[in-house]
Amino acid sequence: DGGITQSPKYLFRKEGQNVTLSCEQNLNHDAMYWYRQDPGQGLRLIYYSQIVNDFQKGDIAEGYSVSREKKESFPLTVTSAQKNPTAFYLCASSTALTGDEQYFGPGTRLTVT
Amino acid sequence: AQSVTQPDIHITVSEGASLELRCNYSYGATPYLFWYVQSPGQGLQLLLKYFSGDTLVQGIKGFEAEFKRSQSSFNLRKPSVHWSDAAEYFCAVVFPSGSARQLTFGSGTQLTVLP
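Protein chains in written order, with the numbering used here: chain A, 1 to 113; chain B, 1 to 115.
Hints are computed from structural coordinates only; laboratory data are not their basis. Among these hints, one or two may not hold up.
Claimed, not checked - Residues from chain B shown here face chain A by an in silico Cβ test under 8 Å; the list is partial:
#	residue
1	32
2	43
3	46
4	94
For clarity, every value in this text was computed on a predicted model and none was experimentally measured. Cβ coordinates follow ideal geometry from the N, Cα and C atoms, glycine included.
Using the sequences provided together with the hints, build the complete structure.
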């Protein structure tokens with residue numbers, strides 16, 4: 001079955017450590033996105049990539065980094081510079097032609113203590 | 001400024017009752033409009049979308065939404081709610097004139113269904 005996978009589902013880290021969240025898709029989608037979700041705030045865009053080896057900052061990119069070396073993969077690194085990293089992180093993808101309709105992965109809940 | 005608003009943070013309905021979730025946007029033209037549903041601890045699933053044409057849109061799971069240009073609204077409806085509909089619902093829009101066609105989400109409406 002085609003879809004988006006995110007791993008792990010739950011992730012725990014100590015403050016000051018960088019952590020990388022995985023996102024893989026086998027939908028042959030060109031565009032991929034990372035969102036952060038906090039209670040009562042909806043989803044906020046962190047980074048997006050419309051093509052391999054290219055990505056753009058979203059609304060809340062500070063303290064995060066990404067790479068897009070393969071079409072299928074768009075890992076997100078939460079760095080120690082992110083002041084409040086505990087959140088639910090969602091990855092999404094879309095085709096180039098119908099780029100407005102995004103398909104979401106199951107999410108990773110990151111807890112930093 | 002372009003924005004999307006879901007005025008109701010939490011709605012409670014009885015099973016079998018009808019449901020309407022509100023969504024309003026602020027934009028000079030017609031955006032692309034979406035409704036997503038999220039079960040606890042899960043990703044988002046697309047319920048329906050509106051790009052153009054017929055203003056009444058049918059979606060999955062028995063949901064429909066009506067675009068009303070005069071009211072800048074895209075409200076989600078279901079005639080008879082099932083217990084399995086309990087979830088969080090997000091309205092989202094794309095403002096086509098922007099240089100980056102990003103989804104902008106409302107803050108969500110949490111639906112509770114009483115037996």
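Right, here's what the structure says about each hint:
| no. | hint | verdict |
| --- | --- | --- |
| 1 | 32 | 5 Å, holds |
| 2 | 43 | 4 Å, holds |
| 3 | 46 | 7 Å, holds |
| 4 | 94 | 5 Å, holds |
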